Structures are given as C-alpha cells and as structure tokens.
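Q: Now for the letters of each chain:
2 protein chains.
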Amino acid sequence: MPYSKTRPFAGQLHIDLAALASNYKRVKQRIGIHCEAAAAVKADAYGIGIERAAPTLSEAGCKSFFVATLQEGVQLRGLLPENDIRIYVLNGLQDGAEEILDFHLLTPVLNSVTDIENWTSYAKRTRPYLKCILHIDTGMARLGLSEDELETVIPRARALGKIIDIEYVMSHFSCADEKGHPLNNLQAKRFQYAADSFVFSKRSLANSSGVFRDESWHHDMVRPGMCLYGLNPTPETENPMQPVVSLSVPILQRRTLSKGESVGYGASWVAEDKCELATVQLGYADGFNRSASNAAKLYWQGHACPIIGRVSMDLTIISLENIPPDLRPVQGDMIEVLGPYQSADDLALDMGTIGYEVLTSLGRRYARNYKS
Amino acid sequence: MPYSKTRPFAGQLHIDLAALASNYKRVKQRIGIHCEAAAAVKADAYGIGIERAAPTLSEAGCKSFFVATLQEGVQLRGLLPENDIRIYVLNGLQDGAEEILDFHLLTPVLNSVTDIENWTSYAKRTRPYLKCILHIDTGMARLGLSEDELETVIPRARALGKIIDIEYVMSHFSCADEKGHPLNNLQAKRFQYAADSFVFSKRSLANSSGVFRDESWHHDMVRPGMCLYGLNPTPETENPMQPVVSLSVPILQRRTLSKGESVGYGASWVAEDKCELATVQLGYADGFNRSASNAAKLYWQGHACPIIGRVSMDLTIISLENIPPDLRPVQGDMIEVLGPYQSADDLALDMGTIGYEVLTSLGRRYARNYKS
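In order, the protein sequences belong to chains A and B.
Going by my numbering, the first residue of the first sequence is number 216, and it counts up by one from there.
Going by my numbering, the first residue of the second sequence is number 216, and it counts up by one from there.
Rather than coming from a laboratory, the hints here were simulated on the basis of the structure.
Among the hints, a few may not be true.
One copy or two, either will do: identical chains are not told apart, so a pair holds if it fits within one copy or between any two.
Claimed, not checked - Under the rule of at most 30 Å between Cα atoms (straight-line distance), these lysine-lysine pairs were calculated in the DSSO-like manner:
no., residue 1, residue 2
1, K243, K512
2, K243, K586
3, K404, K512
4, K240, K278
5, K377, K474
6, K489, K339
7, K404, K489
8, K243, K377
9, K346, K512
10, K394, K586
11, K377, K489
12, K339, K404
13, K339, K243
14, K474, K586
15, K243, K394
16, K278, K489
17, K394, K474
18, K339, K512
19, K377, K586
20, K474, K278
21, K404, K474
22, K394, K489
23, K586, K346
24, K240, K377
25, K339, K394
26, K394, K346
Just so it is clear, the structure is predicted and the values come from calculations on it, not from any experiment.
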C-alpha cells in the first residue's frame with residue numbers, strides 16, 4: 216500500500232483568517248453606521264487561536280474586544296497594545312483585580328452590586344470616571360444585576376456617574392438562536408427598561424444571532440462571537456457566514472473485518488458482514504468528543520465514513536463501506552473532519568452538542584496552519 | 216458580600232506528583248519481579264502534563280514510556296534524554312518517519328505489514344537490529360496485525376529477526392475494564408498463540424485493568440496508563456489507586472431566582488420555586504463537557520450542588536439549595552469540581568462519558584499547581 220512521502224504525520228487544522236475578516240465585515244454591513252461591531256474573542260478566540268484572530272479582527276476594523284477572564288484580557292492586551300483598542304472582561308471584577316485591570320487598560324463588565332462597590336471604591340482611591348460596562352440580567356440568570364439589584368442601583372445612577380463612567384449598559388440573550396422564542400422579545404423589553412435609567416450610557420444587547428435577527432436589538436454596539444468563526448447564527452436557515460476552520464486527519468491503517476468481529480473498546484460495534492475499516496489519528500484527547508462514538512461521521516472526497524465503535528483517546532475507526540472499492544482512501548490519506556462536506560455545526564449535531572463546543576475543543580496535537 | 220483578598224481569579228488545578236509516583240509503585244508491587252512496568256504517557260500524560268509527569272515516573276523507576284504520536288515521542292525524548300529510557304510510539308511508523316524516529320531514539324510499534332516493510336527496509340539501508348515492537352490485533356480492530364496478516368508474517372519471523380530486533384510482541388485489551396468479559400480470555404489466548412511464533416521476543420499485553428485482573432496477562436511488561444493518573448482500573452470495586460488530580464473553580468456571583476424564571480441558554484431549566492444559585496467560572500471551553508448540563512454536580516464542603524441549565528463556554532450555574540442557608544458559599548469561594556467528594560470517574564458517570572475524557576479534556580485556563 217504505497218503512499219506519498221509528503222503526507223503529514225499529524226492532523227492538519229486550517230484556519231482561514233481571510234474568512235474571519237470577511238465575516239467581521241459581513242456583520243458590519245448588517246448593522247447601522249452608528250452601531251459598533253465588537254468581537255467576542257474569549258476562549259482563545261473560540262478555539263481558533265487568539266494570537267492570530269485578534270490582530271486579524273483589529274486589521275479588519277474592530278476596536279472593541281470581549282474576553283471572559285482577567286487572564287485572557289492580560290494576554291489580549293499584550294497582542295493589541297494600542298490605546299484605542301478597548302478590551303472588556305465579561306466575567307466581572309473579581310475582588311482584588313482592580314489594579315490588574317487598570318494597569319493593563321482592561322475594562323470590567325460589572326455584574327453585581329459588589330462589583331459596582333469595588334469599582335467605585337477603586338475609582339475614589341485613584342481617579343474618577345473609570346470606565347466600565349454595567350451588565351443587567353434579563354433572563355439568563357448567569358451574570359449581571361438581577362431585577363431586585365437593578366431597582367437598588369437605578370436611584371443611584373446619577374451619583375454613580377460622577378465616580379465611574381458606565382460606557383455601556385449591556386445584557387445577553389439566552390435564546391436568540393431560536394427564531395421567535397418568546398424570551399427574546401421579553402429580554403429586549405426588559406433591557407430597554409433598564410437602559411432607559413442610565414441616560415448617559417450607550418447600549419449593547421445583541422450576540423451573533425441577535426445581529427442577524429432584529430435590527431431593533433442592535434443598539435449602539437453588537438457583540439458577535441460564533442458567527443465570526445463561521446458557525447451559523449440563524450440555524451433555521453442557510454449560514455450567512457464563511458467557514459473559517461477545516462480539519463483533516465491521517466489514516467494510520469486499513470483493515471478488513473470478518474463477520475462477527477467486534478470493534479474498539481467495549482466491543483460496542485459488531486460486523487454484520489465482512490467490511491473494510493480505517494483507523495485515523497483522531498481521538499478524544501484531540502477534543503473530538505467521545506459522544507461521536509457510533510454516531511458521527513468523517514468524509515473522504517464527499518463520501519460519508521461512519522464512525523464505528525467507540526472513539527478512543529488517540530484513535531477513531533471509520534467504515535469505508537459507503538465508498539466504491541476502487542476509490543477508497545489508503546494509509547496516509549487525509550480524511551475530512553471539518554471542511555466542505557461537514558461544518559462544525561453538522562458534526563456537533565451528530566455528537567449531540569453545539570458547534571461552539573466543537574471549536575473550543577480543537578486539540579493541541581494538530582498542526583495549525585493559518586491562511587491570511 | 217465581603218471576601219478574602221487572597222482568593223484566586225482562576226480555577227485551580229492541583230496535580231499530586233507524589234500520588235502519581237505512588238501509583239506507579241503500586242503497579243510494580245502488583246506484578247512479578249521479572250515483569251517490567253512501563254507507563255503510558257500519551258495525550259500529555261492523560262492531560263496532567265507530561266513535562267512534570269514523565270520525570271516523576273522516571274524518578275520512580277520507570278524506564279519504558281508509551282506515547283501515541285511521533286510528535287509526542289520527540290517531545291518526551293527532550294524531557295528524558297537518557298540512553299536507558301525507552302520511548303515507544305504506539306501509532307506506528309508513518310511512512311517517511313523512519314529517520315525522525317531513529318534520530319530521536321524512538322522505537323516504533325509496528326502495526327501493519329507496511330510498517331514492517333518500512334522498518335526492515337530502513338534497517339537494511341542503515342544498520343541491522345533496529346528495535347521495534349510488533350503489535351498483534353486480538354480483538355480491537357484498531358491497530359495491529361490482523362489474523363490474516365499475522366499468518367503471512369509468522370513464516371518470516373526468523374528472517375525478520377536477522378534485520379530488525381522485535382523486542383516485544385504486544386496486543387491491547389478491548390474490554391479489560393469489564394471483569395469477566397468473554398473477550399478478555401479470548402484475546403489473551405489469541406495473544407499467546409501469536410507470541411509463541413516470535414521466540415526471541417518478549418511479551419506485553421496488559422493495560423491498567425489487565426494489571427489488576429489476571430497475573431497470567433502480565434507477561435514481560437505491563438503498560439498501565441489510566442490507573443497511574445488515579446482512575447479506577449477495576450470499576451466494579453474500590454479504586455486501589457490514589458487520586459492525582461483535584462480542581463476547584465471560583466464563584467463569580469450568587470443569585471436568588473424567583474419561581475418561574477429560567478436559567479441559561481435555551482432556558483432549559485425553570486425554577487419551580489424561589490431558589491438560590493451561584494455562577495462559577497467553568498465552561499466547556501475549559502474542557503468541562505457540555506453533557507454535564509442539568510446532569511452533573513459540583514461540591515461545596517461535601518454538599519452536592521447540581522448543575523442547573525446548560526453549561527456555557529466560560530460559565531456554569533449551580534444550585535445551592537442542598538446546602539443549609541448559613542453554610543452556603545459566597546462570591547470568591549472555590550467550588551470542588553474534582554477532589555475528595557468527586558473523582559474524575561464519578562463526574563464522568565454523570566456526564567455520560569469516562570474518566571479518561573475528563574482528564575484529557577482538562578483545559579488550559581486553570582492555574583496548574585504541581586505538588587511533588
């Protein structure tokens with residue numbers, strides 16, 4: 216079974232930075248001229264690599280970035296040191312982090328009354344009008360001021376405005392991916408009410424799905440994440456975004472199995488007939504979810520190759536039976552995990568999860584190739 | 216809600232290297248004096264970090280290490296450059312990798328007739344008696360010589376022995392974690408038959424579970440992996456190993472929810488009554504599987520805190536209702552993900568997966584603390 220000497224030894228992850236930039240511009244086209252398009256780059260830019268993603272987005276015109284954690288903010292500030300780049304930390308103001316945020320020019324999203332107290336008290340100790348975003352919970356019950364907390368803060372809005380600069384009031388949709396979900400309008404309405412009480416602050420509500428649904432949700436700034444990386448913000452219809460990620464993995468071995476032989480750990484799949492299989496270098500230690508076992512598929516030149524048996528730590532077994540015998544791949548051939556025939560959203564569906572998890576789980580053993 | 220200034224901003228992953236060394240010694244005690252205990256350190260030493268795990272195991276007396284890929288082998292050789300340390304690459308001899316393996320003193324596991332041809336032809340071109348392991352498939356259908364291939368190789372065993380040094384004949388159990396699974400004895404028997412044909416080679420069959428089940432499976436070398444890292448090799452009974460990994464994550468915010476309010480993406484959980492929740496800094500981007508949504512639990516001082524709603528990218532919401540009100544944790548408190556009250560095996564069960572995947576998925580955003 217001869218094969219080319221130039222074939223790679225590891226899975227090949229291709230990241231299309233031009234598509235990332237183009238997706239950012241697609242969002243810009245979608246929103247009004249007075250609305251800003253920020254970018255969510257938390258979780259290593261949804262797994263594609265913040266070191267390349269953030270500068271690409273910056274060159275495409277993005278000035279505001281959202282990260283989850285303080286550490287991510289510090290890392291991103293190192294990548295984008297320019298004064299006019301704003302970096303917002305979504306997970307709030309952990310107590311004692313005030314100096315670190317300030318030193319690295321990071322802006323906290325204040326999620327609670329405690330966060331507000333801590334930031335105002337730091338502003339009093341240092342200098343007034345420290346910037347921040349105020350996060351109002353309108354239906355996620357995750358982070359942000361509850362309705363009750365909001366009622367205690369509203370009467371202090373003017374006084375607060377003399378100590379800290381609440382640049383934006385923001386909230387976050389819980390069901391914007393589901394078109395017409397009743398919570399969407401309810402959240403938009405609750406947000407409107409809350410934001411009306413902070414007259415000097417701008418407003419930010421929409422995530423990726425919000426950008427592509429209702430223009431009244433755009434306000435002063437949208438905060439897309441997933442759609443920048445090629446996931447579909449409107450799952451009920453065609454994906455308006457360009458794919459950013461593709462991934463292929465090498466076949467290590469082909470094998471003909473006799474009827475009655477079992478495959479993989481737990482012998483969870485048994486051959487009903489003689490069949491041809493291939494073992495590829497891809498496992499759950501590469502972030503390829505074990506729930507793909509006996510459920511998902513990979514592709515060879517457009518032919519679906521069902522995953523047979525349990526995905527193991529470093530290896531996955533596929534069936535070649537759907538492929539005409541003379542067209543079957545051989546040892547060393549690269550099998551598509553993500554690419555023209557299978558998007559991250561598609562694969563996620565078979566795995567029982569969402570495209571986001573497919574991306575953020577992309578492992579460290581692939582060779583990472585960036586195309587700009 | 217005041218809390219200590221010294222609390223960490225990130226999840227804290229603790230790796231007990233002394234427990235790792237002790238687990239290795241536990242395996243040594245379990246096997247005969249003439250049997251060697253190798254260590255599987257593929258997938259970044261099952262997620263705990265090969266840079267610390269490999270030297271620890273080496274100091275504990277381990278001389279033979281198994282990795283999955285060529286790249287892992289090259290990395291490990293850098294960590295353990297000593298001549299008497301043997302590094303075996305399980306995923307075989309990808310064509311063209313001969314020189315790389317040889318240069319880094321890596322020994323391939325030959326999985327196919329093609330692998331044998333490539334290694335013998337390289338030996339002929341360079342020098343005789345190049346070391347290797349011959350992998351016989353006895354029931355995984357994943358890697359290794361099939362029965363048919365074996366029959367073609369056996370008659371050449373003596374001739375091969377003049378060109379390459381087949382140090383070991385090995386095979387791999389598919390169901391050793393299941394006590395008394397009929398495949399176990401069948402595989403052991405098939406292995407015996409195959410190994411009998413390579414009279415100058417030593418034998419290796421047992422993985423972690425194999426070590427703790429049947430002494431007749433030990434042969435000349437055992438290759439434990441999971442049990443070294445504290446997972447239970449005999450799931451039907453008490454874990455004979457010491458835990459190696461613990462993980463705790465900070466509470467970012469506490470919240471009281473009213474009856475009828477929903478939680479998280481997709482509003483998949485709705486409060487039947489007023490209840491108290493906490494949001495912790497832990498998400499699927501940290502390798503915390505989304506399948507934990509509405510299914511798994513975290514712990515606070517021994518009290519189970521069920522996960523409520525969907526796990527999101529950076530955040531997870533737990534219920535505090537099981538905890539007496541005056542004992543409930545506050546913002547900044549560290550909640551146990553893995554530790555005395557929940558092992559990786561326990562958590563995996565609730566997630567519908569296995570402890571291995573919990574470990575190999577451990578994310579990069581935790582602070583990693585090694586105790587030796």
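Q: State for each hint whether it applies.
A: Hints, one by one, checked against the model:
Within a single copy, K243 and K512 get their C-alpha atoms no closer than 35 Å, and across copies no closer than 41 Å, so neither meets the 30 Å cut-off. For a Cα distance limit of 30 Å, the shortest separation of K243 from K586 inside one copy, 22 Å, qualifies, whereas the shortest one across copies, 49 Å, does not. In the homo-oligomer, the alpha carbons of K404 and K512 never lie at most 30 Å apart, since the shortest distance is 42 Å inside one protomer and 34 Å across protomers. Proximity of K240 and K278 under a CA criterion of 30 Å is satisfied intra-copy only: 13 Å inside one chain copy versus 55 Å between copies.
Taking the shortest alpha-carbon separations for K377 and K474, neither the intra-copy value of 78 Å nor the inter-copy value of 37 Å comes in at or below 30 Å. Taking the shortest Cα distances, K489 and K339 never come within 30 Å of each other, neither inside one copy (76 Å) nor across copies (37 Å). Taking CA atoms no more than 30 Å apart as the test, K404 paired with K489 passes between copies only; the shortest distance there is 23 Å, against 61 Å inside one copy. In this homomeric assembly, K243 and K377 never come within 30 Å of each other (Cα to Cα): the closest approach is 33 Å inside a single copy and 68 Å across copies.
In the homo-oligomer, the alpha carbons of K346 and K512 never lie at most 30 Å apart, since the shortest distance is 48 Å inside one protomer and 37 Å across protomers. Taking CA atoms no more than 30 Å apart as the test, K394 paired with K586 passes in neither setting, with 34 Å inside one copy and 50 Å between copies. In this homomeric assembly, K377 and K489 never come within 30 Å of each other (Cα to Cα): the closest approach is 77 Å inside a single copy and 36 Å across copies. For the identical chains of this complex, K339 and K404 are neighbours neither inside a copy (34 Å) nor across copies (77 Å), given an alpha-carbon limit of 30 Å.
When the C-alpha separation of K339 and K243 is checked against a cutoff of 30 Å, the pair qualifies neither within a copy, at 37 Å, nor between copies, at 62 Å. Within a single copy, K474 and K586 get their C-alpha atoms no closer than 45 Å, and across copies no closer than 50 Å, so neither meets the 30 Å cut-off. In this assembly of identical chains, the alpha carbons of K243 and K394 lie at most 30 Å apart only when taken from the same copy (21 Å versus 59 Å across copies). Taking the shortest Cα distances, K278 and K489 never come within 30 Å of each other, neither inside one copy (58 Å) nor across copies (41 Å).
For a Cα distance limit of 30 Å, the shortest separation of K394 from K474 across copies, 25 Å, qualifies, whereas the shortest one inside one copy, 47 Å, does not. In this assembly of identical chains, K339 and K512 lie within 30 Å of each other by CA distance neither inside one copy nor across copies; the values are 58 Å within and 40 Å between. Neither within a single protomer nor between protomers do K377 and K586 lie at most 30 Å apart by alpha-carbon distance, with minima of 47 Å and 48 Å respectively. Proximity of K474 to K278 under the C-alpha cut-off of 30 Å is found in neither arrangement, the shortest distances being 60 Å within a copy and 40 Å between copies.
When the C-alpha separation of K404 and K474 is checked against a cutoff of 30 Å, the pair qualifies only between copies, where the shortest distance is 20 Å, while the shortest distance within a copy is 61 Å. For the identical chains of this complex, K394 and K489 are inter-copy neighbours only, at 29 Å across copies versus 46 Å inside a copy, given an alpha-carbon limit of 30 Å. When the C-alpha separation of K586 and K346 is checked against a cutoff of 30 Å, the pair qualifies neither within a copy, at 36 Å, nor between copies, at 40 Å. Proximity of K240 to K377 under the C-alpha cut-off of 30 Å is found in neither arrangement, the shortest distances being 36 Å within a copy and 64 Å between copies.
When the C-alpha separation of K339 and K394 is checked against a cutoff of 30 Å, the pair qualifies neither within a copy, at 45 Å, nor between copies, at 66 Å. Proximity of K394 and K346 under a CA criterion of 30 Å is satisfied in neither setting, with 34 Å inside one chain copy and 61 Å between copies.
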